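S.K.: What follows is each chain in one-letter form.
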Amino acid sequence: MADLINLIEDWIANLLLGWGASEELTLFLLQTLGSVLVIIICFVIVIALIWVERKLAGRIQDRFGPNRAGPFGIFQSFADMIKIFTKEYVTPEGAEKGAFNIAPVLAMASVLAIWAVFPFAVNVIGADIHVGVLYIVAVGAFGILAILMAGWSSNNRYALLGASRSVAMLISYEIPMVVSLLVPVLLAGSTKLSVIVEAQQPWWFLLSAPTAALIYLISSMAEIGKAPFDLLEAESELVAGYHTEYSGMKFGMFYVAEFLHQYTVGALVTIFFLGGWGGPLAVRWPILGVVYFYGKSFLIYLMISWIRLSLPRIRIDEMLNLNWKFLIPVSFINLVAVASVDRILLDLALPIWIDVGVLFAVNLLILLAALYLAGKSKPALERKEFPPRPVAVPPGTER
Amino acid sequence: MQSYWIYIGIFLVVAVAVPIIAVALPVLIAPNKPNRRKEEVYECGIETTGNIRVQFKSQYYIYTLIFLVFDIETVFLFPWAVSLGKLPLFAVIEGVIFIAILFGGLIYAMRKGALAWY
Chain A
1 MADLINLIED
11 WIANLLLGWG
21 ASEELTLFLL
31 QTLGSVLVII
41 ICFVIVIALI
51 WVERKLAGRI
61 QDRFGPNRAG
71 PFGIFQSFAD
81 MIKIFTKEYV
91 TPEGAEKGAF
101 NIAPVLAMAS
111 VLAIWAVFPF
121 AVNVIGADIH
131 VGVLYIVAVG
141 AFGILAILMA
151 GWSSNNRYAL
161 LGASRSVAML
171 ISYEIPMVVS
181 LLVPVLLAGS
191 TKLSVIVEAQ
201 QPWWFLLSAP
211 TAALIYLISS
221 MAEIGKAPFD
231 LLEAESELVA
241 GYHTEYSGMK
251 FGMFYVAEFL
261 HQYTVGALVT
271 IFFLGGWGGP
281 LAVRWPILGV
291 VYFYGKSFLI
301 YLMISWIRLS
311 LPRIRIDEML
321 NLNWKFLIPV
331 SFINLVAVAS
341 VDRILLDLAL
351 PIWIDVGVLF
361 AVNLLILLAA
371 LYLAGKSKPA
381 LERKEFPPRP
391 VAVPPGTER
Chain B
400 MQSYWIYIGI
410 FLVVAVAVPI
420 IAVALPVLIA
430 PNKPNRRKEE
440 VYECGIETTG
450 NIRVQFKSQY
460 YIYTLIFLVF
470 DIETVFLFPW
480 AVSLGKLPLF
490 AVIEGVIFIA
500 ILFGGLIYAM
510 RKGALAWY
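Protein sequences, first through last, are from chains A and B. The opening position of the first sequence corresponds to residue 1 in this note's numbering, with each subsequent residue numbered one higher. The opening position of the second sequence corresponds to residue 400 in this note's numbering, with each subsequent residue numbered one higher.
These are calculated hints, taken from the structure and not from any lab test. Note that this is a predicted model, so its numbers are computed, not measured. Virtual Cβ for every residue (Gly too), placed ideally from N, Cα, C. Warning: the hint list may mix true and false statements.
Interface residues of chain B toward chain A, partial, derived using beta-carbon atoms under 7 Å [to be verified]:
{"#": "1", "residue": "S457"}
{"#": "2", "residue": "I471"}
{"#": "3", "residue": "F475"}
{"#": "4", "residue": "F489"}
{"#": "5", "residue": "I496"}
{"#": "6", "residue": "F497"}
{"#": "7", "residue": "I498"}
{"#": "8", "residue": "F502"}
27 Å max Cα-Cα, derived BS3-like pairs, lysine-lysine [stated by the list, open to error]:
{"#": "9", "chain 1": "B", "residue 1": "K432", "chain 2": "B", "residue 2": "K485"}
{"#": "10", "chain 1": "B", "residue 1": "K432", "chain 2": "A", "residue 2": "K97"}
{"#": "11", "chain 1": "A", "residue 1": "K83", "chain 2": "B", "residue 2": "K437"}
{"#": "12", "chain 1": "A", "residue 1": "K97", "chain 2": "B", "residue 2": "K511"}
Covered by chain B, per the in silico footprint, the following chain A stretches (three or more residues, Cβ under 8 Å) [to be verified]:
{"#": "13", "stretch": "6 to 12"}
{"#": "14", "stretch": "69 to 80"}
{"#": "15", "stretch": "121 to 131"}
{"#": "16", "stretch": "199 to 212"}
{"#": "17", "stretch": "363 to 370"}
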């Protein structure tokens with residue numbers, strides 16, 4: 001009874017073998033079933049999240065949010081879904097049809113594909129490959145390609161500008177993201193996700209690498225393009241950015257991908273820094289681990305929503321300076337410090353709680369020093385010298 | 400091990416197929432009455448003139464070039480990070496020097512004004 005998911009898996013496998021299916025076919029069918037299940041759960045989560053997000057946004061902005069369709073408006077997402085499925089597709093003239101149609105599919109697929117390698121519980125792991133972290137980074141980058149394709153093929157100036165902003169912004173923020181991912185990798189000594197999660201079972205990496213966790217959260221918030229980093233679709237400047245010309249379900253795919261990406265970031269933060277499926281009794285009852293995993297991801301999701309609903313959008317030069325002149329240097333210094341301290345601690349062979357304490361202190365020191373130095377330096381615009389502004393002088397009073 | 404990659408292959412096929420089905424479904428049930436006015440490129444209600452593919456800041460390209468340097472670098476750092484516990488101290492210091500050289504490159508780019516956005 002303890003291991004419900006594997007029990008069901010074995011039952012289906014035995015059932016198929018009993019019907020005379022070969023072992024390869026059984027494996028293939030089971031894997032197909034697993035991937036379809038994971039993807040369907042993703043879509044169900046998104047439908048729920050859209051309602052949660054809108055309700056939360058409503059309460060934070062002092063209004064009700066959806067409250068008409070069903071009790072507390074819980075059927076709002078279904079109503080929107082029916083509406084969006086019956087909308088006409090409009091393709092702008094001069095658009096490059098191929099790229100225009102592939103882009104929304106690619107945007108959705110790139111987010112979904114990340115879910116292939118997640119460890120959901122102690123023995124419920126998608127594909128436990130050795131290069132799990134690299135797979136996540138590589139597949140996640142396809143989302144940027146989708147944005148570029150959408151912007152370039154729409155034949156619209158706003159879309160083009162939004163897409164080129166994504167070049168400057170999304171790929172820039174990928175560097176601190178990947179560098180801060182190196183910290184859990186070196187602490188666990190593997191890029192295998194299951195090993196990373198098991199390595200942080202009593203002591204989460206949030207305790208031994210808080211700076212990396214913070215940098216990872218900030219840069220992945222930029223990666224999902226939500227406020228305060230939603231410059232690639234700034235309404236007041238670019239209409240809707242790269243998806244200005246999209247309509248109907250093609251727009252819906254971008255919309256759903258954005259929500260799912262935010263939840264995926266929550267799941268990634270959970271895996272790398274919050275102990276994944278870890279929690280009380282999670283090893284004994286793996287089904288509890290699945291609950292913990294989805295629950296922690298949901299909490300991070302709510303936190304990102306809270307941040308995005310509280311902060312205004314920042315300017316593009318501020319955003320790029322934050323990345324190149326703060327996050328990248330801090331993440332590299334943090335990586336070097338954690339690597340050397342961890343190497344020295346490994347030789348000393350102290351009890352684990354002292355290791356964690358020392359690493360926590362080192363991280364905190366780096367973070368505070370970086371914030372102090374950043375606070376002391378003047379913003380770039382104040383340092384720049386502008387020519388004096390022409391002053392309007394009333395006629396007759398000139399000297 | 401091999402079955403994991405088969406699983407990823409199946410997962411990728413499903414992950415591409417589901418959005419394709421979702422995008423293709425409205426073709427069957429949604430109305431489709433295109434006309435010239437509807438298909439115009441959106442530009443705040445006025446007609447678009449000139450070439451859409453406008454010139455824009457060269458800064459975008461410079462950022463992309465610097466990104467490429469750092470992105471390749473981080474890929475090289477992954478094997479180093481994985482085997483950190485098994486490496487002698489000398490190899491750890493070498494990795495730190497490698498990061499320091501790239502860090503010097505970042506400061507050089509910053510000093511040259513490659514990262515300034517006007």
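S.K.: Now look at each hint and say whether the structure bears it out.
M.R.: Right, here's what the structure says about each hint:
1. S457: It is violated, given that the least Cβ distance between B:S457 and chain A is near 11 Å, above 7 Å.
2. I471: Status violated, d = 11 Å.
3. F475: violated, 11 Å
4. F489: violated, 11 Å
5. I496: violated, 10 Å
6. F497: With Cβ-Cβ at 10 Å, over 7 Å, it is violated.
7. I498: holds, 6 Å
8. F502: Holds: closest Cβ of chain A sits about 6 Å from B:F502, inside 7 Å.
9. B:K432 with B:K485: Between B:K432 and B:K485 the Cα gap is close to 66 Å, so the pair fails against 27 Å, i.e. violated.
10. B:K432 with A:K97: Answer holds: B:K432 to A:K97 is near 17 Å, not above 27 Å.
11. A:K83 with B:K437: holds, 19 Å
12. A:K97 with B:K511: Not satisfied, since the Cα-Cα distance of roughly 41 Å exceeds 27 Å.
13. 6 to 12: Check failed, 0 qualifying residues.
14. 69 to 80: Coverage by chain B is violated for the stretch 69 to 80 of chain A (0 residues, Cβ < 8 Å).
15. 121 to 131: holds (count 4)
16. 199 to 212: Not satisfied, violated; 0 residues make the cut.
17. 363 to 370: n = 0 at 8 Å, threshold three: violated.
Hint compliance for this structure: hints 1, 2, 3, 4, 5, 6, 9, 12, 13, 14, 16, 17 are not met, and every other hint is.
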